[in-house]
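Asker: Protein chains in written order, with full-length UniProt numbering: chain A, 1 to 472; chain B, 1 to 472; chain C, 1 to 472; chain D, 1 to 472.
Hints may contain errors.
What the hints assert, rightly or not - To give an idea of the chain A side of the interface with chain D (calculated C-beta under 8 Å), a few residues: (1) A50; (2) K282; (3) R459.
Stated by the list, open to error - In silico DSS-like pairs for lysine-lysine, Cα to Cα no more than 30 Å straight-line: (4) C:K391 / B:K358; (5) B:K78 / A:K78; (6) C:K405 / B:K282; (7) B:K211 / B:K58; (8) D:K378 / C:K95; (9) D:K211 / A:K358; (10) A:K358 / D:K378; (11) D:K58 / D:K211; (12) D:K205 / A:K388; (13) D:K78 / A:K282; (14) B:K358 / C:K37; (15) B:K95 / D:K378; (16) A:K391 / B:K95; (17) B:K358 / C:K78; (18) B:K205 / A:K378; (19) B:K211 / A:K37; (20) B:K131 / B:K391; (21) D:K282 / C:K378; (22) C:K78 / A:K282; (23) C:K37 / D:K378.
In short, the hints are calculated from the structure, not lab data.
Bear in mind that the values here come from a model prediction, so they are computed numbers and not experimental data.
For each residue, glycine too, the CB sits at the ideal point set by N, CA and C.
There are 4 protein chains.
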Amino acid sequence: MIPNVLAERYASSALQAIWSAEGRIVLEREFWIAVMKAQRDLGLDIPEEAIVAYEQVKNQVDTASIMQRERITRHDVKARIEEFNELAGHEHVHKGMTSRDLTENVEQLQVFRSLQIIRDKSVATLVRFSKRAAQWADLVITARTHNVAAQPTTFGKRLAMFGEEMLSAHAAVQDLVDRYPVRGLKGAVGTQMDPLSLFEGDASKVAELEKRVVAHLGMPALWTNVGQVYPRSLDFRVVAALTDLASGPSSFAKTLRLMAGHETASEGFAPGQTGSSAMPHKMNSRSCERVNGFHVILKGHLAMAGGLAGDQWNEGDVSCSVVRRVMLPDAFFATDGLFETLLTILDQMDAYPAVIAKENAHYLPFLMTTTIMMEAVKAGVGRETAHKAIKEHAVATVNDLRTGKVTTNNLIERLVGDDRIPLSADQLTTLVQAGERNAGAAQAQIQAFVGTIAELAERHPQAAQYTPGSIL
Amino acid sequence: MIPNVLAERYASSALQAIWSAEGRIVLEREFWIAVMKAQRDLGLDIPEEAIVAYEQVKNQVDTASIMQRERITRHDVKARIEEFNELAGHEHVHKGMTSRDLTENVEQLQVFRSLQIIRDKSVATLVRFSKRAAQWADLVITARTHNVAAQPTTFGKRLAMFGEEMLSAHAAVQDLVDRYPVRGLKGAVGTQMDPLSLFEGDASKVAELEKRVVAHLGMPALWTNVGQVYPRSLDFRVVAALTDLASGPSSFAKTLRLMAGHETASEGFAPGQTGSSAMPHKMNSRSCERVNGFHVILKGHLAMAGGLAGDQWNEGDVSCSVVRRVMLPDAFFATDGLFETLLTILDQMDAYPAVIAKENAHYLPFLMTTTIMMEAVKAGVGRETAHKAIKEHAVATVNDLRTGKVTTNNLIERLVGDDRIPLSADQLTTLVQAGERNAGAAQAQIQAFVGTIAELAERHPQAAQYTPGSIL
Amino acid sequence: MIPNVLAERYASSALQAIWSAEGRIVLEREFWIAVMKAQRDLGLDIPEEAIVAYEQVKNQVDTASIMQRERITRHDVKARIEEFNELAGHEHVHKGMTSRDLTENVEQLQVFRSLQIIRDKSVATLVRFSKRAAQWADLVITARTHNVAAQPTTFGKRLAMFGEEMLSAHAAVQDLVDRYPVRGLKGAVGTQMDPLSLFEGDASKVAELEKRVVAHLGMPALWTNVGQVYPRSLDFRVVAALTDLASGPSSFAKTLRLMAGHETASEGFAPGQTGSSAMPHKMNSRSCERVNGFHVILKGHLAMAGGLAGDQWNEGDVSCSVVRRVMLPDAFFATDGLFETLLTILDQMDAYPAVIAKENAHYLPFLMTTTIMMEAVKAGVGRETAHKAIKEHAVATVNDLRTGKVTTNNLIERLVGDDRIPLSADQLTTLVQAGERNAGAAQAQIQAFVGTIAELAERHPQAAQYTPGSIL
Amino acid sequence: MIPNVLAERYASSALQAIWSAEGRIVLEREFWIAVMKAQRDLGLDIPEEAIVAYEQVKNQVDTASIMQRERITRHDVKARIEEFNELAGHEHVHKGMTSRDLTENVEQLQVFRSLQIIRDKSVATLVRFSKRAAQWADLVITARTHNVAAQPTTFGKRLAMFGEEMLSAHAAVQDLVDRYPVRGLKGAVGTQMDPLSLFEGDASKVAELEKRVVAHLGMPALWTNVGQVYPRSLDFRVVAALTDLASGPSSFAKTLRLMAGHETASEGFAPGQTGSSAMPHKMNSRSCERVNGFHVILKGHLAMAGGLAGDQWNEGDVSCSVVRRVMLPDAFFATDGLFETLLTILDQMDAYPAVIAKENAHYLPFLMTTTIMMEAVKAGVGRETAHKAIKEHAVATVNDLRTGKVTTNNLIERLVGDDRIPLSADQLTTLVQAGERNAGAAQAQIQAFVGTIAELAERHPQAAQYTPGSIL
């Protein structure tokens with residue numbers, strides 16, 4: 001059998017369990033049992049012993065037997081009803097229900113539970129971003145815009161930046177969890193005609209039945225006006241939220257790949273691991289690349305979800321059926337794989353202060369030119385004169401470095417030797433060295449992030465302590 | 001000049017004003033003035049007369065003059081600074097700011113104001129869905145799943161269904177508006193080094209400055225840890241929310257196109273308008289098709305937004321620049337055009353009860369077969385016998401209708417003539433006629449929707465009364 | 001294990017075999033053997049008995065054993081080398097090769113062979129479109145634009161239209177097959193440094209080796225300047241071609257779903273099958289919906305492919321790795337599933353002449369208004385007068401039909417009763433009846449399509465006779 | 001008026017002319033004139049003086065006047081007919097035609113001519129890739145995989161690699177141009193009922209008319225079986241080909257951005273230009289970022305095109321109308337802007353040999369470890385011993401460089417000092433220096449590329465010499 005590669009290679013067992021054939025069948029049976037209990041309480045004739053019998057066999061899942069039934073009936077839900085009935089020795093499940101009363105609710109339960117797991121892993125990830133940001137809060141690095149050296153910042157600030165991006169998306173996911181609406185028992189076209197028939201038109205009983213079923217599912221909200229299916233824009237919203245949540249991590253992974261190219265940082269290795277045997281120096285950012293790959297995959301799933309949203313005909317159709325079979329589990333497997341990988345990166349990553357210091361030293365004279373100019377003006381030279389002198393020397397230094405005339409940034413020496421700049425070698429060196437420690441408000445910003453995450457972790461103590469499995 | 005077709009043909013003037021070159025320049029100037037006022041209050045030497053001078057000229061926008069400056073400086077922000085300074089006769093704007101301190105905040109303001117307009121139009125749309133749902137609450141139609149007749153529902157329920165889908169997305173847009181975070185004054189790489197220099201390291205003044213600027217912008221939240229730019233996943237979230245919001249309308253439009261094909265309903269015409277002169281009977285669903293077209297466009301913009309999210313290098317770059325110039329205004333123009341069109345459709349649409357009744361009559365005997373079977377069983381016949389008899393006649397009726405042997409659905413006559421079914425012609429006819437009025441809980445569901453929208457309209461009284469402009 | 005749902009439920013065994021773990025390992029081993037044979041012929045010391053030994057064990061695939069090796073080496077290619085060597089009792093494979101010299105070529109072979117299978121199935125599909133177009137060449141139906149009745153056409157013409165769309169995409173796929181370029185043996189960064197070392201700098205031997213390897217693979221072209229990997233825009237081109245090829249079928253499926261809603265045609269049933277047992281009249285277009293679903297899925301895969309194209313860093317990276325593991329097999333599984341489904345639809349579909357005739361009768365008077373006007377003018381009335389009269393009556397007829405005042409289209413009666421139209425009832429009836437048989441050049445167009453497909457079938461006789469497997 | 005930003009800021013005047021309102025109107029009028037001439041030759045009564053009159057006024061385009069007419073007629077084509085008729089003083093245009101007979105063909109002409117311009121610019125681009133590849137054929141750089149140093153290559157080879165990727169897509173675009181099929185005069189639903197009426201059923205005249213019209217348009221092929229519109233999968237194919245063509249350039253731009261981060265190369269500056277005045281050293285890759293931005297935009301347009309392909313209902317609808325108004329011109333504007341930018345980059349880019357040499361020196365000892373091992377084995381030491389020694393020293397060197405214990409790569413010194421490696425300092429240095437000049441088959445591969453492009457340039461001499469306009 002050809003396996004689902006996202007599930008088998010990358011996703012955690014918790015996600016696999018939710019979306020496996022076996023897992024789904026158990027969810028369905030639990031759903032039927034919850035419906036029967038509520039129906040019995042509301043007056044339908046469903047014997048207690050039948051419910052007990054169903055409960056006793058609900059975990060006996062034989063997918064081969066069910067598939068054999070499906071080949072005969074050519075109807076998947078009917079096959080699963082028959083199997084469950086035969087195991088229990090009763091015929092009480094699925095009363096007053098259509099197939100979609102079962103499948104829509106159970107699929108939404110799969111989505112909802114998966115969302116909760118992902119939400120929890122995003123908490124664990126934010127805790128790590130916070131920890132790393134605090135660890136490297138004072139490690140000054142050369143910030144880059146357009147991939148070119150711009151001003152000093154700290155490595156901790158860079159991590160807090162990606163962390164805060166993800167935190168913003170995390171809040172949106174939390175919102176989605178807090179108000180995720182389930183379809184409920186609405187009948188073949190959404191009018192509840194069949195459950196109403198079952199209770200001989202008693203609308204209050206139908207409402208109570210639905211209320212109990214939603215309570216069983218544990219979802220926070222309920223649709224009122226739907227058709228055969230719940231609106232597919234809800235699936236779109238879910239996949240968009242996952243894509244959003246993966247965006248901060250993706251930018252972080254890309255930046256770490258860039259830093260690895262400069263050897264200022266790397267995603268690290270598992271203890272004991274070294275580079276490839278042929279090239280022992282070579283430490284590829286395989287895991288970061290994988291994070292970026294998952295993000296690309298999610299955008300593909302989002303395109304699929306977008307292809308279903310807004311394409312409902314009348315009370316519904318199933319042109320979405322094959323798409324949702326692929327997109328829903330796979331989007332969660334990809335997101336889960338992304339977080340397993342990302343947590344591992346955050347645990348194993350490393351920074352290389354010596355290389356960072358070398359880079360800082362190389363660029364710092366350039367980064368300090370505006371400060372030098374201001375000091376020169378204070379010392380009495382005209383602004384235009386100072387600007388002209390500094391620009392001449394800066395451009396000359398860049399060119400000489402690139403053509404090899406000089407091998408280290410000697411801008412300061414040049415300025416010392418220029419009479420137009422009335423600052424001594426000592427003064428200039430002091431200015432540049434001060435720059436090396438000045439990352440503005442970086443530390444305070446990091447502190448704010450660390451504080452916010454500490455509160456989040458308090459609200460989700462178990463999630464905060466999650467440890468990823470071993471990745472390939 | 002080649003116009004922006006989405007702006008010119010479809011968007012309202014309110015949206016055009018926000019995104020026009022002139023509108024943006026005024027927003028920038030107002031932003032600069034707000035910054036100057038705060039800087040002055042916090043102790044910087046900015047004379048009151050300068051601020052007055054800037055305020056007096058802020059609406060004097062000469063884009064040609066600015067473009068001429070840009071051709072010389074090759075720097076768009078610098079060109080706009082020089083123009084504003086020259087008009088005012090002062091040089092106090094943009095102190096301690098980098099270009100992105102201006103442009104990011106102003107672009108976010110454009111996004112935020114556009115979001116508010118769209119939010120308001122979605123309220124106006126929901127009010128119309130509610131009105132139409134109430135109007136046709138009792139008009140029974142043949143619900144379709146898989147585009148095939150399934151069970152009775154009402155036209156009002158169908159409209160409430162699409163309305164409730166949109167309501168769910170509306171709530172997500174409202175959330176976004178309620179917590180939309182602005183970048184603020186963070187300097188070249190996000191560390192606030194430059195504003196800190198300006199206030200000689202006084203962090204509290206920098207914080208106060210930023211607080212006042214955010215208050216001027218009127219946005220509800222502020223990023224702390226950012227780089228040169230705010231995270232592009234926020235743009236993605238915005239475009240995803242617009243796409244989501246357009247999904248219910250898109251399904252509605254598609255369904256109305258289907259109904260027009262059956263002549264059970266149409267998007268209607270403006271008063272006095274008729275069909276094409278060559279074919280006067282032909283009433284094309286041009287506006288509904290346009291709604292579907294806008295949805296396709298939005299998904300393209302979402303792909304663009306997805307191409308930027310998660311692709312930030314270090315503290316930021318502008319590989320996003322050209323993309324955002326296209327995607328941000330165009331996504332709002334498309335959404336705005338969609339709502340202008342949709343509001344018009346909801347105002348002008350019509351249903352055709354005679355054709356609907358004919359369709360109901362055609363399908364009702366089929367839709368009632370399960371009820372007939374139950375009654376036959378009550379009347380004493382075995383369940384299997386009844387099922388077999390009904391199925392034989394139903395299939396035969398379908399086939400005869402399709403091959404032309406019969407021209408109307410005569411299933412009831414066939415059942416009357418079959419001894420296995422112990423029900424009289426009167427009894428059967430009564431059953432079928434009852435079915436025609438039985439739309440289950442449809443009316444109650446509609447009522448719930450109408451109530452919710454009434455509350456929403458109370459919270460947004462002005463938005464609820466919005467009337468669309470004339471569409472092409 | 002969680003299966004790949006596209007492979008397991010929808011794709012044919014031929015596609016599954018190409019992309020299974022076992023199938024791939026055999027392809028790799030055959031590739032290594034081809035390389036060894038060429039290396040031996042070009043002078044490397046590789047004993048004949050070793051090659052024989054490798055050939056004898058090449059089909060002994062034990063994926064569990066390989067996975068156990070991978071867990072130790074943490075290198076998938078190394079694990080497969082060791083397994084093959086141990087099975088054969090020799091160590092001659094993979095000489096002068098890097099991992100990508102193996103994996104890129106084998107993956108391209110999987111793509112190439114899959115493309116050929118899809119190309120063949122598209123031939124089989126076109127043959128069916130041709131057959132159905134010929135069968136219904138003269139069955140006049142009411143053509144619709146904007147989903148509204150427009151002019152007569154024939155059902156055969158409608159099928160030829162979708163067939164010709166697909167034929168155009170088929171030609172593009174054939175082009176792709178005809179010039180698909182393989183990466184070849186290019187070494188770690190594309191410079192062939194390692195194979196050149198192996199042959200001590202003899203470039204002619206390296207070229208000859210590569211030539212033989214390409215001949216073994218059977219691919220028509222070879223890249224010269226590549227890096228570690230072949231350009232991912234080639235994958236994009238493949239998935240775009242598949243999406244293109246699926247577009248005609250998708251439009252056809254959507255149109256058949258629309259026709260099913262009017263009961264003018266349906267996708268039919270397998271012999272002996274009827275509708276759902278609860279609603280025996282209900283024949284859902286499940287297979288057509290599935291075709292549309294596959295098209296949505298493909299567009300998601302295209303978004304994934306687009307996320308890799310144009311994102312190569314330097315000589316290559318593997319941020320594409322996880323994406324290609326998902327996208328490449330799944331895009332082919334989806335396309336294959338689409339064609340299996342489509343072939344079944346084309347074999348089982350049916351048209352319902354009685355319903356079609358009823359629809360024609362309903363609309364024909366409207367469709368003939370321009371002709372009637374021309375004849376009225378010939379008979380002496382002024383053009384403006386005739387136009388005014390006809391328009392009045394047409395609009396009134398439409399309105400009366402929709403409000404239920406009349407139940408059949410009585411436009412002709414109305415015209416007969418209007419003195420402004422100097423045509424008798426007989427004349428008018430004759431005009432309308434002539435219209436019912438006038439589908440313009442439809443038959444000639446169909447004939448052209450049938451002829452083209454006949455030539456295509458002659459060029460691909462085996463493909464033309466392909467019969468799909470049984471679908472779920 | 002809000003301008004189309006892609007047209008106004010980035011596209012060339014040639015593209016703007018094709019897609020401007022005025023340009024389109026002239027194309028339409030030329031089309032009508034071509035139709036009239038053919039109709040006259042085939043026997044219709046169209047006086048020569050009328051045709052002359054139309055030709056004389058065809059360039060008098062007054063869009064305001066036309067818009068005023070459209071506001072009255074509410075029909076855009078009718079407005080343009082009336083305007084043209086009034087200008088000419090005759091009423092002979094549009095005989096036997098429906099709106100789509102005009103608009104589809106003219107839009108296809110816009111697409112076709114745009115494709116030719118893009119094809120030509122891709123030739124000009126390839127010529128520059130070839131020139132640069134030849135110029136830097138021998139400039140050895142450190143090739144990177146996973147963004148990490150891997151083996152030597154040359155800068156010329158890297159450029160040839162991206163060039164060859166683009167060449168492959170160029171061939172696909174050329175194919176598309178060579179077989180691009182136009183819809184022709186097919187009437188309202190594709191059956192040619194109206195042109196057949198015009199020629200009283202004479203099919204040969206209709207065929208001849210269409211043949212002449214296609215000859216006028218200059219397109220290479222003609223659809224036979226279409227509906228109201230040509231299949232939208234053809235638009236999809238076009239946008240996919242543009243996206244494909246932009247992929248090699250996008251990878252090149254991304255790589256140049258990476259190189260700029262290492263200062264080994266840059267996109268350069270216009271003569272006289274320097275970096276930003278505040279930071280004179282800072283040379284941002286703005287143009288390369290823009291190329292990547294255009295690629296993102298194109299993928300958005302592709303999503304739009306994909307939203308139309310496969311969504312045709314019956315003989316056609318115009319849910320595509322608003323989408324195509326945006327997508328078609330904008331995809332060409334974006335592609336054109338991309339090539340204008342790319343040509344400028346290729347003309348102005350620069351490499352920095354001193355920085356490159358420093359990088360090579362830093363990595364070369366690592367890159368040569370496999371060669372050193374082979375030589376050590378030849379000199380008598382056991383393979384395992386040599387491997388162990390080298391690996392120890394390589395890992396230690398990497399770690400010492402990263403922690404700052406050493407500042408230059410001293411692997412060779414370490415190996416010299418290790419008795420297990422029986423090679424002298426001279427021998428080792430010689431080995432490493434040889435590596436610096438060994439880029440395998442890079443030069444030969446470049447030569448092949450240069451030769452192919454020379455042939456291409458011969459076939460397109462004018463295109464090869466195209467010079468881009470000045471970019472912003």
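Asker: Taking the numbered hints from earlier one at a time, note which ones the structure violates and give those numbers from smallest to largest.
Answerer: Per hint list: 1, 3, 5, 9, 10, 12, 13, 14, 15, 17, 19, 20 and 21 violated.
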